[in-house]
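**Student:** Chain residues, written in single-letter form:
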Amino acid sequence: MVSLSQPPKSEIQNLAAIAGPLLSVEDLRVELPVDGILHPAVDGVSFALEAGRALAVVGESGSGKTQLARAILGLQPDGARMSGKVLCSGRDLSTLSDREWRAVRGREIGMVFQEPAAALDPVQTVGAQVVEAIRLHEPVSRAEARRRAVEALAEVAFPDPERALGEYPHRLSGGLRQRACLAIALAAGPKVLLADEPTASLDATVAMQILELLDRLRRERGLAVLLITHDLGVVAKHCDRVLVLYAGRVVEEGGTAALLRSPAHPYTRGLLRSIPVLVAAGRQRGERYEAIAGALEDLSARRRGGCAFAPRCPDRFEPCDASVPDLYPAGEGRSRCFLSREAPRRGA
Amino acid sequence: MSRKPALVVEPLLRAEGLAKRFSLVHGLLGARGEVLPALRGVTFEIARGQTLGLVGESGSGKTTAGRIVARLVRPDSGRIFFDGTDWLALSGAVLRQRRREVQVVFQDPQNSLNPRMRAGDQIAEPLRVQRLARGRALGDRVRQLLADVGLGAETASRFPSDLSGGQRQRVAIARALATAPRLVVCDEPVSALDVSVGAQIVNLLLDLRERAGLSYLFISHDLAVVSRVADRIAVLYLGAIVEEGPAQAISSRPLHPYTFALVAAAAEPDPSAPRRGAVLLGELPSAVNPPAGCHFHPRCPIARPRCRQEAPALSEAAAGHRVSCFYPGEVG
Chain Z
1 MVSLSQPPKS EIQNLAAIAG PLLSVEDLRV ELPVDGILHP AVDGVSFALE AGRALAVVGE
61 SGSGKTQLAR AILGLQPDGA RMSGKVLCSG RDLSTLSDRE WRAVRGREIG MVFQEPAAAL
121 DPVQTVGAQV VEAIRLHEPV SRAEARRRAV EALAEVAFPD PERALGEYPH RLSGGLRQRA
181 CLAIALAAGP KVLLADEPTA SLDATVAMQI LELLDRLRRE RGLAVLLITH DLGVVAKHCD
241 RVLVLYAGRV VEEGGTAALL RSPAHPYTRG LLRSIPVLVA AGRQRGERYE AIAGALEDLS
301 ARRRGGCAFA PRCPDRFEPC DASVPDLYPA GEGRSRCFLS REAPRRGA
Chain G
349 MSRKPALVVE PLLRAEGLAK RFSLVHGLLG ARGEVLPALR GVTFEIARGQ TLGLVGESGS
409 GKTTAGRIVA RLVRPDSGRI FFDGTDWLAL SGAVLRQRRR EVQVVFQDPQ NSLNPRMRAG
469 DQIAEPLRVQ RLARGRALGD RVRQLLADVG LGAETASRFP SDLSGGQRQR VAIARALATA
529 PRLVVCDEPV SALDVSVGAQ IVNLLLDLRE RAGLSYLFIS HDLAVVSRVA DRIAVLYLGA
589 IVEEGPAQAI SSRPLHPYTF ALVAAAAEPD PSAPRRGAVL LGELPSAVNP PAGCHFHPRC
649 PIARPRCRQE APALSEAAAG HRVSCFYPGE VG
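Chains Z and G are the protein sequences, given in the same order.
Residue numbers for the first sequence follow the working numbering, so the first one is 1 and each next one is one higher.
Residue numbers for the second sequence follow the working numbering, so the first one is 349 and each next one is one higher.
Hints are computed from structural coordinates only; laboratory data are not their basis.
For each residue, glycine too, the CB sits at the ideal point set by N, CA and C.
There may be inaccurate statements among the hints.
Output of the computed footprint for chain G on chain Z, the stretches with three or more beta carbons under 8 angstroms from beta carbons of chain G [what the hints assert, rightly or not]:
#: 1; stretch: 90 to 102
#: 2; stretch: 183 to 194
#: 3; stretch: 223 to 236
Short, incomplete list of chain G residues facing chain Z, as computed with Cβ under 8 angstroms [stated by the list, open to error]:
#: 4; residue: A485
#: 5; residue: S505
#: 6; residue: S509
#: 7; residue: S512
#: 8; residue: L554
#: 9; residue: R557
#: 10; residue: G561
#: 11; residue: L571
#: 12; residue: R576
#: 13; residue: L610
#: 14; residue: A614
#: 15; residue: E631
Not the full set, but computed from the structure, chain Z residues with beta-carbon under 8 angstroms of chain G [to be verified]:
#: 16; residue: V34
#: 17; residue: S46
#: 18; residue: F47
#: 19; residue: E50
#: 20; residue: E60
#: 21; residue: S173
#: 22; residue: T205
#: 23; residue: E287
#: 24; residue: L299
#: 25; residue: A301
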């Protein structure tokens, strides 16, 4: 790929950028209209994702994780306002035209979603859909595209990829459909995969297979994975870093192991206690979860002045109502909580 | 087999050999083709005030079992004794009257509630139909039920679309409790909810069980949730129970390789926890043409030649712990 002659300047810049993050998001803000008034659904989110790494964006309904994913793909609902930057291999995507965006989606950022059944075209064979994805981005012959489609299906461990070419989506199980979606997502060779709840509709044992497949793709082809999920259990063994979103803001970020072992933000702590873990030895019958009280308000009803989590927070104190906390250092990561400002060493 | 004399407390519900097949209709003309056996002879008990967890992947038959218990689906064969009554023999007015004793909470309150009906009216409906309350008493009862599930009286006038997912599920639970049932079939009651909301709903179900002395048939694909709620757990695979026993034993010392895989796959947010077991090969095979021998053998890490030819029976491996495997406890 890299020529031996003097490369043009832009390529030098590209190479430098490739050594850095493949995907970075800087101060991203997405405002959605509710009854004619704009409300921030994503409010100043920043992160960077390098080759071969997996970053989890964890959030519940209303956290803004879906809007964040859409914004990264250049998709915004009508009337929304977006600001901030999305950079892919150092290139600013926020200024692209619709046409340029179509070249980025699939080619530079692959996507898989929660419902493989909805993502696939029911009246086309799997093979036709993979071939289409390849030819959309590269002017190769049908025969060549077909050969590559078999490779793509083999890479996602599709049993008997030759035969799979002729199968229709409805004939496949949920797990195989998700593998087909992955083959399509990776067909044009993107370096970044955005996976939005890719296992939420799958049975536990099948979900595990898909997550292990993503791990292998990271190792083998340096794929960078942005995994959007509500499930911290999924995060634990398949992601290096975690961003926890609440009401559109990052409330905590850090390395997976440290964040799960000693969460600094009260919301992260509550979320971890809410996860159904297998209760086996020494359990008490009917032991309750230490659940988080209340619920996140609708977008238009959220408070602006203070910490968005304060109304549900067991550790709430005066500063929480006065202003929005910054992301303070907490252990190896950062936490948007005044308690982390007061005691920056805690949780280390 | 020696029976223990006296003091054998009759279970609240005993299901024996439940079997159900569904015909798959193909094409526009509805030519009848394959038959899908959803349940292949399933036997279980629910003790009074206790919870039986029914765990399985999609296609395991767990939902069909719950629907049969709630008298929403008729089995092809099998019997159910509910509080000593031949439950499947009930019909007509008696059935209408006794239906109230077994109620269901479904997975998705979005679909189980009527979108055009106010929450209060949905809760009042079974009370009206069963003629359990009227007039002012009806209003009082609805407010009490709302309070029981942690909702304010003002919720009564709201439509499902004005409520959050968690609030909707609370309304669905209040509706199920309206007729003061003795058994509630909870079919994936938290699967459609956010994690933090799901935890609140599980807590609520545990509170209600204590306060109202309820029994649950708790159906879920998630062994982790079930292990929190259930006293006993039955694991379904392709329409048959492959393991059944005390919840603690199932979660900590599973004997069937399939249960072992479910235990390994159960959410474990502690990254330092040891990764357990190998990933199962492949997916649930077609129930229409299940594999010969032990139905689980194509996915089983310890399958041997015998497993391909012979189907193991569900038999007692330890006291009160049944498993259908020729080599129980070998995996792991």
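**Student:** Does each hint fit the structure? Answer for all of them.
**Tutor:** Cross-check of the supplied hints:
no. : hint       : verdict
1   : 90 to 102  : violated (count 0)
2   : 183 to 194 : violated (count 0)
3   : 223 to 236 : holds (count 7)
4   : A485       : violated, 31 angstroms
5   : S505       : violated, 18 angstroms
6   : S509       : violated, 12 angstroms
7   : S512       : holds, 6 angstroms
8   : L554       : holds, 5 angstroms
9   : R557       : holds, 7 angstroms
10  : G561       : violated, 13 angstroms
11  : L571       : holds, 6 angstroms
12  : R576       : holds, 5 angstroms
13  : L610       : holds, 6 angstroms
14  : A614       : holds, 4 angstroms
15  : E631       : holds, 5 angstroms
16  : V34        : violated, 15 angstroms
17  : S46        : violated, 24 angstroms
18  : F47        : violated, 20 angstroms
19  : E50        : violated, 20 angstroms
20  : E60        : holds, 4 angstroms
21  : S173       : holds, 5 angstroms
22  : T205       : holds, 5 angstroms
23  : E287       : holds, 7 angstroms
24  : L299       : violated, 13 angstroms
25  : A301       : violated, 12 angstroms
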